[in-house]
Amino acid sequence: MHMIEAVVKPFVVDKIKAKLAELGIFGCTALECKGFGKQKGHTERYRGARIDVGFVPKVLLKIAVKSEDLDKAIEAIRESAHSNSVGDGKIFVYELGKVVRIRTGETDNDAL
Amino acid sequence: MHMIEAVVKPFVVDKIKAKLAELGIFGCTALECKGFGKQKGHTERYRGARIDVGFVPKVLLKIAVKSEDLDKAIEAIRESAHSNSVGDGKIFVYELGKVVRIRTGETDNDAL
Amino acid sequence: MHMIEAVVKPFVVDKIKAKLAELGIFGCTALECKGFGKQKGHTERYRGARIDVGFVPKVLLKIAVKSEDLDKAIEAIRESAHSNSVGDGKIFVYELGKVVRIRTGETDNDAL
Amino acid sequence: MKRRMNGIMLLGMLGVLGLGLLGSETVHAQDVVAQASQAAQTVEAAAPAAFDWSKAEVSEEMFTVNNLWIMIAAMLVFIMHLGFAMVESGLTQAKNTVNILFKNTMIPMIGIVMFAICGWQMMYPSEWIADGVFAFGFGIGGGGIYSGDYEGVTAAYNVGYTVWTDFLFQAMFAATCATIVSGAVAGRVKLLPFLIFTVLFVGILYPITGSWKWGGGWLDAMGFADFAGSTLVHTVGGAGALAGAMILGPRIGKYGRDGSVHPIPGHSMPLATIGVFLLWFGWFGFNGGSELSANAGGVSYVLVTTTLAACGGGLACAVISWIFGGKPDLSMALNGILAGLVGITAGPDTPNWIEAIVGIGAVSGALCYFSVIFFDKLKIDDPVGAISVHGVCGIYGTLCVALFGDISTFGVQLLGAAACFATAFIFAAIVFGLLKATMGIRVSEEEELEGLDLGEHDMAAYPDFQRTYIKSYEAGEI
Amino acid sequence: MKRRMNGIMLLGMLGVLGLGLLGSETVHAQDVVAQASQAAQTVEAAAPAAFDWSKAEVSEEMFTVNNLWIMIAAMLVFIMHLGFAMVESGLTQAKNTVNILFKNTMIPMIGIVMFAICGWQMMYPSEWIADGVFAFGFGIGGGGIYSGDYEGVTAAYNVGYTVWTDFLFQAMFAATCATIVSGAVAGRVKLLPFLIFTVLFVGILYPITGSWKWGGGWLDAMGFADFAGSTLVHTVGGAGALAGAMILGPRIGKYGRDGSVHPIPGHSMPLATIGVFLLWFGWFGFNGGSELSANAGGVSYVLVTTTLAACGGGLACAVISWIFGGKPDLSMALNGILAGLVGITAGPDTPNWIEAIVGIGAVSGALCYFSVIFFDKLKIDDPVGAISVHGVCGIYGTLCVALFGDISTFGVQLLGAAACFATAFIFAAIVFGLLKATMGIRVSEEEELEGLDLGEHDMAAYPDFQRTYIKSYEAGEI
Amino acid sequence: MKRRMNGIMLLGMLGVLGLGLLGSETVHAQDVVAQASQAAQTVEAAAPAAFDWSKAEVSEEMFTVNNLWIMIAAMLVFIMHLGFAMVESGLTQAKNTVNILFKNTMIPMIGIVMFAICGWQMMYPSEWIADGVFAFGFGIGGGGIYSGDYEGVTAAYNVGYTVWTDFLFQAMFAATCATIVSGAVAGRVKLLPFLIFTVLFVGILYPITGSWKWGGGWLDAMGFADFAGSTLVHTVGGAGALAGAMILGPRIGKYGRDGSVHPIPGHSMPLATIGVFLLWFGWFGFNGGSELSANAGGVSYVLVTTTLAACGGGLACAVISWIFGGKPDLSMALNGILAGLVGITAGPDTPNWIEAIVGIGAVSGALCYFSVIFFDKLKIDDPVGAISVHGVCGIYGTLCVALFGDISTFGVQLLGAAACFATAFIFAAIVFGLLKATMGIRVSEEEELEGLDLGEHDMAAYPDFQRTYIKSYEAGEI
Ligand SMILES: Nc1ncnc2c1ncn2[C@@H]1O[C@H](COP(=O)(O)OP(=O)(O)O)[C@@H](O)[C@H]1O
Ligand SMILES: Nc1ncnc2c1ncn2[C@@H]1O[C@H](COP(=O)(O)OP(=O)(O)O)[C@@H](O)[C@H]1O
Ligand SMILES: Nc1ncnc2c1ncn2[C@@H]1O[C@H](COP(=O)(O)OP(=O)(O)O)[C@@H](O)[C@H]1O
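Residue numbers (my numbering), protein chains in the order written: chain E, 4 to 115; chain Y, 4 to 115; chain D, 4 to 115; chain R, 11 to 488; chain U, 11 to 488; chain C, 11 to 488.
I should point out that these hints are in silico values taken from the structure, not numbers from a laboratory. Treat the hints loosely; a few may be bogus.
Unchecked claim - No more than 30 Å apart at the CA atoms, straight line, and that leaves these computed lysine-lysine pairs for DSSO-like:
id	chain 1	residue 1	chain 2	residue 2
1	C	Lys481	D	Lys18
2	D	Lys41	E	Lys43
3	Y	Lys43	E	Lys65
4	C	Lys337	U	Lys446
5	D	Lys75	Y	Lys65
6	R	Lys481	Y	Lys65
7	D	Lys101	E	Lys75
8	R	Lys337	D	Lys41
As the list claims (entries may be wrong) - For the chain R half of the interface with chain Y, some residues (derived, Cβ under 7 Å), not all of them:
id	residue
9	Trp228
10	Asp468
11	Met469
12	Ile480
As the list claims (entries may be wrong) - Using C-beta positions, here's what the derived DEER-type ranges look like:
id	chain 1	residue 1	chain 2	residue 2	range
13	Y	Gly27	D	Thr46	38 to 48 Å
14	R	Ile383	Y	His45	34 to 44 Å
15	C	Gly443	R	Glu460	50 to 60 Å
16	C	Leu425	E	Pro60	29 to 39 Å
17	Y	Pro60	E	Ser70	28 to 38 Å
18	D	Thr46	C	Met232	30 to 40 Å
Here a beta-carbon is modelled for each residue, glycine too, at the ideal position from N, C-alpha and C.
Could you put the whole structure together from the sequences, leaning on the hints where they help?
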């Protein structure tokens, strides 16, 4: 099992979810975050002075998948989030040692 | 060392913390998140039309534990968060390569 | 490639970013979180009664680095976040299986 | 199924309102309503010309000024409803905000309409059914109060104002009474039963106890004094609040099994502050308008004592919370201001300035502080402190008329406050009891935890902001 | 480059305003302005002494009371601008809040200044250019309206108030008109073009249609009745709102390609509630002040019907949303109150109390509910419901004068409402059309998604709070 | 330990207040207080009958209208305190909100009570201690101002209002002065020392400088003109603000070591907007009430110029921020409105409408914009711009009386503004200096970073919302 963490623009979340559902991957957890990357933030202004706001609001999606679904899932995310502009985001993948569904106590692949 | 990530209902956080404390596990980090899973969101209404809000507010707990504490910790979390209803949440576990306590510089098991 | 997760005090984020930039590490993602640790929260008061607020607001920084940069990065973070007081935070490190830059499709070290 | 039930209930409620309207139309159709519209149409054209001002007690100018002040006072009392809405939503949780705003928007509307249908005629009766105790009637004009083309709109009705101004001012008052209850039951009461309670409390109970004094009933006959309603409005509201809070029980997590108190902090201190300032602002009309004329000396004196009592209450409560709690508590300072205002309301026309600040204002503020803690000890959960502010200080204020005036009236003052408190408490307990037995008055545990906004309204008050779900203090004993 | 263009436009706008000021100075320099300042300087010192009150129609006392009430009414109408700002920002998203507050702060200022420059003279013309249809002039005093030292400040000008009071009251009214449009185009309109539209709409269109009735023009001659502006203010504003919303198109994501509606919830229900209560509060001045004197019977009657209609509208809309939508909708209840208020505005002086609650208030509330849904069906995106509340109910209210009064006037009422609606719609459509063709009136897609606060102002309304970016309902068809 | 110190200080403060009350009681016990309560009791019953109106300068009707207007003006000035609370909390950070609301709730209460204890007698002295420069006395009634049963409540005291109305209006004014300082020291000042400063500033300094003009002191004798307090209220408040901001030093992170400015954005633009509109609304009473009668011509003229200056100031500041800053800045537009209002306050009774818009309003707005930037250059950190708005524009407004009136008075105007500014600055500097030396006036660095809400109050203003801790602009040089 692998955990995919994708840092993406907020408004592609729905698209990604729909795409993953087509692949039979239903669960996911979303966290609001702020990204610092090649995409620069913006300038705000207040009472005659400038403020450089370096970060950009992003969403961090966490999707645990069976290992066999990993590549399909990555591809689906990339496709949905891709707009070929700076700030499209990044995908990070790591291995999961264990997964437990709290309600049933099922573990690992059964819990996904 | 392992990192446990548990996506749970917000109001079990205190219970989990208390339970873990009994096991001698004191540190944990909580992040607000939104879950998309088998538990469906709800419908909101505004000015005569419906809005389907697909997500459910959850808390993502991160708890780094010594490997020997892993199973006890998972069991403790499962027990506290369990209500046998959809949306109870999931637990994900992965291995940590390194842990550092910033204040002292202690590493790995000493830092936990 | 490794992912560094550092739980730190909110106001050292800028300092850490600057330090990492010196090392040529530009990307990072920040999440607001609440820490429960040795540092106790505080007491609030409302209408004649006390409330114990157990948590402390923290920031969880995620920084994916090439393996060769790992130690430098950890050191940089520790240096910037260190004030030798309880609550300085912790650093967690785990291995990444894959990294993808969504815009270009580059993977792994090229994506960092 | 439940929803359909609600629908039927709702239609029933509408039916009652409709019958009321119809009834009033039927009964008086030929005279009252016709007169009303006739009078209204003539107001513009002929009224001032036709009325013989030389026979009036006051000059037309004086009448116009008096009337202007009472109209303005009515507007000021109106804005108190916004004040209540803000205090109540500010001092409760974000997840219940839509529900509270909805209630506090409906209450003045229900109150004013009920007062038009029957409250006005019950409170200022042309004919008593049980002498000095109970009256009934429909509509705004009509009966002994309003029975001629011009009388209602000129000094022949009253040297202070027209019948319309009178209605407006009194209707605004009436509605405040139910709002007080709203605060004490916030965060757990079901919407529809509460609205039914409001209809009955404002439409029936308030005018009855009101008629005892302001309608010239038995309390008035005994010499009971209540200038602007420490008893008739605030104590009555506070009694309803107590009954409601007791029957509903506390919010989940407010009290631990070990007797500990887990405060549930209000979600927005700025809203609470806006509310209190608007209430203070409106109180100028509440007390100043109760002079019932623009009489320069009388009104200005009342405004000064009202202001000084508010200051005394707020300062006292702030200082006490600082000394006893270790840090100055904004929510207590705000409550203290309201306590001082409630305290002065029974008799703002007599105390000297030091009595207003210290004897009435500061003491009310102190009472309010300890009363809040006392009711928490009793595990009676009152999210905004309505019982303490309006109930306790309302009674104290009523007694102040004797304490800082003619002490021989102490017995009557106590009797009046007690009688109104008891009547309102019993009435509210019966209504809440019946509603509890039939449709239930408390939302489900799940709905309460998730918030009434989703449960009762499917709506979020602040959808664009991230709410904080991680809080130690939501725990308590769930 | 774009920024520079904006700068030039801005300077151009300033130039126009400047020329206006200059023009007025040139034209009347020797007489008007001199008089104005002369009059002003004498006001304090000599005015009351010099005017012979024995020859006036009213006593000095009555004149002072009348004037006082209209001044207070002007202040109440002023606070409506805060009400509009709160309703509008509350019912739209957090990311557009600075933009909306900025617009709603500029509108009254632009409106009042434009009214001082030319609106006042165009609306209450001393000399018509096209008889009964169009007039023009500069400045506050001057011309037939104000031409003597004391006439403007005493009863010789008007038994009700001084020329300054008159100006203040009318200027506050004028500015409300453009605010109505602002709500309908919120969330996507470019700032500078909208401000240019405001200058023209308040400075030119509003006084023209206004002069037809209140300036004694052709509609007035036909016997058209509009007590406080259901047509002249609200229908006209609603027509502008319709034109604006149609030309701009809906916000991204509001309507699915399949015709589905994806509501975009307002970000703060407390702000919306504050806004509606302040509007209701201000409406006491809007309608009550339109009696144009402190006449006790007239004003108090108007205040009562105004209040009852608001209650009827709010209750009806709440109940309808409860029955048809399954749950009671706060945003609809609030809109219903405004609908009732707009409905009663054309004729608050005649209906009896039951007509005010049911026939005018509740029907307006119901109209508003279904109208909101209707315009959503047409995919005309009106974030705050301005077209329904002000446009639809404004027309209905105008017809109510005939329906609940002299039915024979129905034709004139309809004609008046239609004429003003059409004129305002066409004017607004032309202005928005021209602006669209030249400088563009809609922000870029990216700016709309990110919010106008960053795009137009580089500023955040709530920088300390975490906004929620994860929402299913932001999706729609982007 | 520290807490205990605070407790002792607090008790000390209370003691001073108590002694004041006691003192006043002792001194006048037999006469004043007795009279007051006697008068009050007779107000209702006998007053109008007993006073012989035929001998009064004005008719009873006129007196009642005049008095009504001043009472309403007092209420309007009261609501300005809510305005200040909202502007100040809106323009500062969420973490300091409870602290700011607490301060701004205490200030009017302290101000009114101090004015009752001694301020009133010091400002409108019956007997000078140092002729034209300093007076002292206790209580509301008493002395030469109030010495008969009816004189205080009828036209014998004043043709405009009763002594109680006078007190109320002036007490509301007094309290605004300390509020101005509060804004400039927000976000870092310790609560208790600031409250002590408030007691002294409102209770001693304000009445002293106030007596120089409005109490008939030396400035009045020289012909100095200050209609409603550009100098006596705003310049004095601004001077205190400057002293406070200088002695406290800037907030952590506001200025970089390289001289760069890191703005600390206010946390809620809606609150700031509510505040400014309420201040504008209240200013109608501030300036209009300062006519001291309901004189139709005088008051309405003042209201018009006041409104026009506000528009001029707001428009100018908005346009300037657009041109110089690249984007229109809401916070500047709001400040500009206040600047225009402060500018017109010294002489709203004389300028013509173009002078009010351009010469006074727009110039004040422009001054405010550049002044804010100027004080940032000096590294004097004024979170809400109080020094610029009240100090700088207060002085400019005072000079405008000469500039747009009789230029020969320029010297006196300048002298008056300078004298009051200097006195207030020195007084505030000494008080803050002493407090700094004894108990400290600045919170610890940690408390400042965490927010004063937790440090001073153990309370959160918005506990249900997730605050944003990740911000680049919190950095600066910590
Ligand atoms: N090394 C990294 N570690 C953690 N997060 C990163 C890293 N690099 C980028 N990110 C996240 O990904 C987002 C997109 O990065 P950006 O540099 O703009 O990507 P690109 O140039 O590939 O479009 C950033 O806002 C940041 O949140
Ligand atoms: N594959 C997954 N990857 C990431 N998070 C998941 C995944 N599946 C579930 N979750 C998280 O767990 C929460 C509970 O999931 P749900 O499907 O309701 O669980 P269950 O049916 O086991 O009760 C979800 O709200 C979501 O946040
Ligand atoms: N075992 C853990 N798992 C997850 N997060 C932890 C753990 N221990 C500490 N933390 C996080 O680190 C933060 C700092 O911890 P704390 O115990 O105060 O550290 P220290 O004593 O080393 O200064 C905590 O607020 C918490 O968010």
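Is Lys43 of chain Y close enough to Lys65 of chain E, meaning Cα to Cα at most 30 Å? holds (18 Å)
Taking 34 to 44 Å as the stated bounds, is the beta-carbon spacing between Ile383 of chain R and His45 of chain Y within them? holds (38 Å)
Assessment of proposed distance window 30 to 40 Å (beta carbons of Thr46 of chain D, Met232 of chain C): violated (57 Å)
Does Lys65 of chain Y lie within 30 Å of Lys75 of chain D when you go C-alpha to C-alpha? holds (25 Å)
Checking hints one by one. Is Ile480 of chain R an interface residue toward chain Y, by the C-beta closer than 7 Å rule? holds (5 Å)
Does the Cβ-Cβ separation between Leu425 of chain C and Pro60 of chain E fall within 29 to 39 Å? violated (56 Å)
Hey, Lys481 of chain R versus Lys65 of chain Y, does the alpha-carbon distance stay inside 30 Å? The given pair, whose Cα atoms are some 16 Å apart, holds under the 30 Å limit.
Is it true that the CA of Lys41 of chain D sits at most 30 Å from the CA of Lys43 of chain E? violated (36 Å)
Hint status (Cβ of Trp228 of chain R to nearest Cβ of chain Y, threshold 7 Å): violated (49 Å)
Given a hint of 50 to 60 Å, does the C-beta separation of Gly443 of chain C and Glu460 of chain R actually sit inside it? holds (54 Å)
Could you say whether the range 38 to 48 Å given as a hint is met by the Cβ separation of Gly27 of chain Y and Thr46 of chain D? Violated, since Gly27 of chain Y and Thr46 of chain D (Cβ atoms, about 25 Å apart) do not stay within the stated range.
Within 30 Å, alpha carbon to alpha carbon, are Lys101 of chain D and Lys75 of chain E? holds (14 Å)
In summary, the numbered hints that this structure violates are 2, 9, 13, 16 and 18.
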